[in-house]
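*Asks:* So you can see what is in the structure, the chains are spelled out below.
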Amino acid sequence: EVLLVESGGGLVQPGGSLRLSCAASGFSFSSYWMSWVRQAPGGGLEWVADISQDGRGKSYVDSVKGRFTISRDNAKNSLYLQVNSLRADDTAVYYCARPPEYCRDTGCIDSFDFWGQGTMITVSS
Amino acid sequence: QSALTQPASVSGSPGQSITISCTGTSSNVGGYNLVSWYQQHPGKAPRLIIYKVNERPSGVGDRFSGSQSGNTASLTIAGLQAEDEAAYYCCSYGGGWTYVFGTGTDVTVL
Numbered sequence: 006e007v008l009l010v011e012s013g014g015g016l017v018q019p020g021g022s023l024r025l026s027c028a029a030s031g032f033s034f035s036s037y038w039m040s041w042v043r044q045a046p047g048g049g050l051e052w053v054a055d056i057s058q059d060g061r062g063k064s065y066v067d068s069v070k071g072r073f074t075i076s077r078d079n080a081k082n083s084l085y086l087q088v089n090s091l092r093a094d095d096t097a098v099y100y101c102a103r104p105p106e107y108c109r110d111t112g113c114i115d116s117f118d119f120w121g122q123g124t125m126i127t128v129s130s
Numbered sequence: 404q405s406a407l408t409q410p411a412s413v414s415g416s417p418g419q420s421i422t423i424s425c426t427g428t429s430s431n432v433g434g435y436n437l438v439s440w441y442q443q444h445p446g447k448a449p450r451l452i453i454y455k456v457n458e459r460p461s462g463v464g465d466r467f468s469g470s471q472s473g474n475t476a477s478l479t480i481a482g483l484q485a486e487d488e489a490a491y492y493c494c495s496y497g498g499g500w501t502y503v504f505g506t507g508t509d510v511t512v513l
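So the sequences go chain by chain: A and B. Residues 6 to 130 (my numbering) are what the first sequence spells out, left to right. Residues 404 to 513 (my numbering) are what the second sequence spells out, left to right.
Because the hints were derived from the structure by calculation, they are not lab data. Values in this document were obtained by computation on a predicted structure and should not be read as measured data.
Simulated pairs of lysine-lysine, DSBU-like, Cα-Cα distance not exceeding 35 Å:
1. K447(B) with K70(A)
2. K447(B) with K81(A)
3. K63(A) with K81(A)
4. K455(B) with K81(A)
5. K63(A) with K447(B)
6. K70(A) with K81(A)
7. K455(B) with K63(A)
8. K455(B) with K70(A)
Given these sequences and hints, build the entire structure.
*Replies:* Okay, here's the thing in C-alpha cells:
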C-alpha cells in the first residue's frame, strides 16, 4: 500500500522557517518524481514544487521561488520542503503527492495519484 | 501561473448529469493533453478521478468522464449521487514541470 505521511508543520511567526518532511512507503520512492501541493484554509489547491528522481530537477511556483527548497533523500524514502521567509499567505495545509504508476522511472508527473494527509503551516504573529 | 477558471458552484438533482468547465490558456490546458481532475470531500485529501483529460484511474466509476476542447476542459458527472457532493479541482501541466490547479467548484446535490 502506498503511504505518504507528512510532518513538520506548526505555528511560525512571519519571516520564520520550517522544514516539512514526507515519509514514503509501499513503493519504490526513488523511481518517481515527487511534488508538494498546498491548500490555504477554505481555499483551493496550489501546486508548490516538484523534484526529479535523482533530485537534480526541481520546479517551483513563482510565489515561493527563492524562499522554498524541495529536496529528497532516497535512502530514507523521504521528501522535504524547506520553507523560509514565511508570509501570512503561506498559511496552508501542505500535501506531498506522487504521480501515477505509469510514471515510474520516467520524467513524467502528469497528475497526482497518491496524497498524504497533509501538515498545516500557520504563519501568524 | 494564474489559476485555471472554474465555476464556483454547480448543483443538480440525484440522477441528473452535471458538467464542470475548466478554462486555461494555450500555455497550459490548450498546450497539452494533461488535464487531471480531483474530488475533495471536507477535511480529506484530494482524490484523483480523471487524468490525461479523459482517463479514469482504477476504482473510479464510469459516471465520471472528462473531455477537452482547445483551452477548456470539462468534467461530467452522470447519474449524480449524494456522495458526489464535494469540491472538484482541475489541474493542468504548464510546461517546465510546473502545474496549475483550477479555482475549484463546489458540487451540491439537491
